[in-house]
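*Asks:* Chains as they are written, first to last, in the working numbering: chain X, 1 to 288; chain D, 1 to 327.
Please note that the accuracy of each hint is not assured.
Here are the simulated lysine-lysine pairs, BS3-like style, with alpha carbons at most 30 Å apart [as the list claims (entries may be wrong)]:
| id | chain 1 | residue 1 | chain 2 | residue 2 |
| --- | --- | --- | --- | --- |
| 1 | X | Lys-86 | X | Lys-24 |
| 2 | D | Lys-292 | D | Lys-154 |
| 3 | X | Lys-21 | X | Lys-86 |
| 4 | D | Lys-127 | D | Lys-282 |
| 5 | D | Lys-282 | X | Lys-232 |
| 6 | D | Lys-127 | X | Lys-230 |
Sample of chain X residues at the chain D side, in silico, Cβ under 10 Å [what the hints assert, rightly or not]:
| id | residue |
| --- | --- |
| 7 | Ser-74 |
| 8 | Pro-81 |
| 9 | Arg-93 |
| 10 | Gly-95 |
| 11 | Ala-129 |
| 12 | Gly-131 |
| 13 | His-140 |
| 14 | Gln-144 |
| 15 | Arg-145 |
| 16 | Glu-161 |
| 17 | Phe-202 |
| 18 | Gly-218 |
| 19 | Leu-265 |
| 20 | Leu-269 |
Calculated Cβ distances over 12 Å to all of chain D for the following chain X residues [stated by the list, open to error]:
| id | residue |
| --- | --- |
| 21 | Leu-18 |
| 22 | Ala-20 |
| 23 | Glu-33 |
| 24 | Asn-71 |
| 25 | Phe-80 |
| 26 | Lys-86 |
| 27 | Ala-128 |
| 28 | Arg-178 |
| 29 | Phe-199 |
| 30 | Phe-242 |
| 31 | Gln-245 |
| 32 | Pro-260 |
For the record, the hints were derived by calculation from the structure and aren't laboratory data. Beta carbons are placed, not taken as given, at the ideal position from N, Cα and C, and that holds for glycine.
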Amino acid sequence: MSERENESRPTDGVPAGLWAKCQKCGEMLYQRELEEDLYVCRHCGYHRRLSARERIAITADSGSFHERDRNLRSSDPLHFPGYPEKLADYAGRTGLSDPLVWGECTIEGMPAVLVVVDFNFQGGSMGAALGEKFVRAAEHAAEQRCPLVAFLCSGGARMQEGIVSLLQMAKTAAAVARLRQAHIPYLTVGTDPLTAGVFASFASLGDVAIAEQGAIMGFAGPRVIEAAFKIKLPPGSHTAEFQHQHGMVDQVVTRRELRPLLVRLLRLLSPRPSGDRTEVPLGEATDE
Amino acid sequence: MSRWLPFDRQLREVEADIQKLERLLTASGISDERRVRLREEVAALRRRQEQVTREVFEMLTAWDNVLLARHVDRPYTLDYIGAIFDDFVELHGDRRFGDDPAVVAGLASLNGQRAAVIGHQKGRDVKERQFRNFGSARPEGYRKAARVMRLAEKLQMPVISFVDTPAAESRLEAEERGIANAIAENLELMSVLQTPIVVVIIGEGGSGGAIGIAVGDHVMMLQHAIYSVIPPESCAVILEAFGRDPSRGPEAAEALRLSAQQTLDLGAVDEIIPEPLGGAHKDPVAAAQSVKEAITRALQRLSAMPPEELLTARYRKLRGFDHFREA
């Protein structure tokens, strides 16, 4: 159901030159400054979509991320026309075997299980591999008793896996239920765009839900709705800000503000604060 | 493309002819000789009708199946509720915002045993279809279902869920009230609800809208129901494999493997409930009887399981939807 799956918006295809062009306002941006700005346009504030690697690089403490299940990939349970070729194509283009990348890391010294979905791999669509990887990440977080932090974007369930992909909604939600029973914090960060089957399952079940400024967020993609019902949606519907306004998201922040907020939340939420203990004297007293 | 749809129309005409003949049979002043002849003709017509139906149904295409599942004469949730339960009291409202007529929920008695019932409800005529929002549930519908499921857990009675929806409501008002959140919370709730859940997909199992009330210990599908991640027409529009052409929905239907048998083969449901020849709408009483027997059997087995075992088995099942490779 990923409506944007074929939209050509390369996020890691920036020419190796010194300059890059903002995909929204068209201004030329000095590459080194763009990196310093976390790939946010300093003219219009547009937040360029990040690959999983880029996201991990600006989130986890340097060198702390250890990826798990790197080779877990979708099979083709339906023998769907053209699907294996498509998978191979995305794998070649992104260097990933699935949109979801997960592993252990520290963030400001605090251990976390980190999940990042990469939109460049088939619109971040959820097939059986993505569902399995999320569940393993959640189970690992429960075992290690450390928070699960998930940066999520997706066009939705992966059509080519049919009913198998739909069932991942139930499977991932069940894993979140187990995390809840284990008293493990689960933090979601909605990134552009977060829609459909992923938004209607584990992405909507965070204990704390943050979203990145300007991200498309909605059950149905806005373009799908406009086409299906032949209506014009009001500007700003189906965005992170809209979801915040309607009570679905705790805070919408810029990419620059994101990590500091995450660090504060992890200090407040972590079951066993291992960061700066002096700052969270009540943490251990109230826990267990 | 569809052999079944024109055939179904024809079948209705033949049925009307047969009924005319039968009326003639009951008329007074008809000679014995004529009566015998007419009776034979009726019997022959019935035999022929059954044979042709059997032949057509042996060769149903995926698209036939989609049309059958959406057939306007097919029994809907309230039809099954009326036929299956000794008593049913409907409960309204989600205690948050409103009541959604696209979902019915209530308390029922099945063979004298208590049960909570939830289900999508479609409408038959234009007015009722609008009232029921074509079976597309809003956030309030999912939250009403959640409320009644929590009640079932509290009072330790099983949940029986009937699934029949094209998709969840996705327009702006639904978005404003958190349709994605409502579905997601039901998925989580149903994965850990401490009471048996039996699900019957009676018609259209349409993507997120369906699964929002379709997580359970025993999930069944009527023989001609469908269960799909996306309507085949939409799938054809989105994918290059079908030339982004909505008229190639029948091909997409084939590729999506959305029939009951294929869904069972993929491990996504646990049991198929056979339908009367020609589809559930040909004999709603018999269809309801089959559904009732299947639910009763499932509940007998599940009620005997200790709660912990029930939940472990449920998680193992959900955890096990695992078609992937590690290499």
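*Asks:* Taking 30 Å as the top limit, are the C-alpha atoms of Lys-292(D) and Lys-154(D) close enough?
*Replies:* holds, 24 Å
*Asks:* Checking one constraint from the list: CA of Lys-127(D) to CA of Lys-230(X), max 30 Å. Satisfied?
*Replies:* holds, 22 Å
*Asks:* Measuring Cβ to Cβ, find out whether Gln-245(X) lies farther than 12 Å from everything in chain D.
*Replies:* Its Cβ does come within 12 Å of chain D, the nearest being 9 Å, so this is violated.
*Asks:* Classify the label on Leu-18(X) as holds or violated, using whether its beta-carbon is more than 12 Å from each beta-carbon of chain D.
*Replies:* holds, 36 Å
*Asks:* Any Cβ of chain D at or closer than 12 Å to Phe-242(X), or is the non-interface label fine?
*Replies:* Violated: least Cβ distance 8 Å, not greater than 12 Å.
*Asks:* With a cut-off of 10 Å on the beta carbons, see whether Gly-95(X) makes it to chain D.
*Replies:* violated, 16 Å
*Asks:* Under 10 Å, Cβ to Cβ, is where His-140(X) needs to be relative to chain D, so tell me if that hint holds or is violated.
*Replies:* Violated - the Cβ of His-140(X) stays beyond 10 Å from chain D, reaching only about 14 Å at its closest.
*Asks:* Examine each Cβ of chain D, and state whether all of them lie more than 12 Å from the Cβ of Ala-128(X).
*Replies:* violated, 4 Å
*Asks:* With 12 Å as the threshold, tell me whether Lys-86(X) passes as away from chain D on beta-carbon distances.
*Replies:* Check fails; 9 Å does not lie beyond 12 Å.
*Asks:* Phe-80(X) clear of chain D by more than 12 Å, beta carbon to beta carbon?
*Replies:* violated, 5 Å
*Asks:* Hinted pair, alpha-carbon criterion (30 Å max): Lys-86(X), Lys-24(X). Please report holds or violated.
*Replies:* holds, 28 Å
*Asks:* Interface hint check: Leu-265(X), Cβ to nearest Cβ on chain D, cutoff 10 Å. Holds or violated?
*Replies:* violated, 20 Å
The structure fails hints 5, 9, 10, 13, 14, 15, 19, 20, 24, 25, 26, 27, 28, 29, 30 and 31 (numbered hints given earlier, in ascending order).
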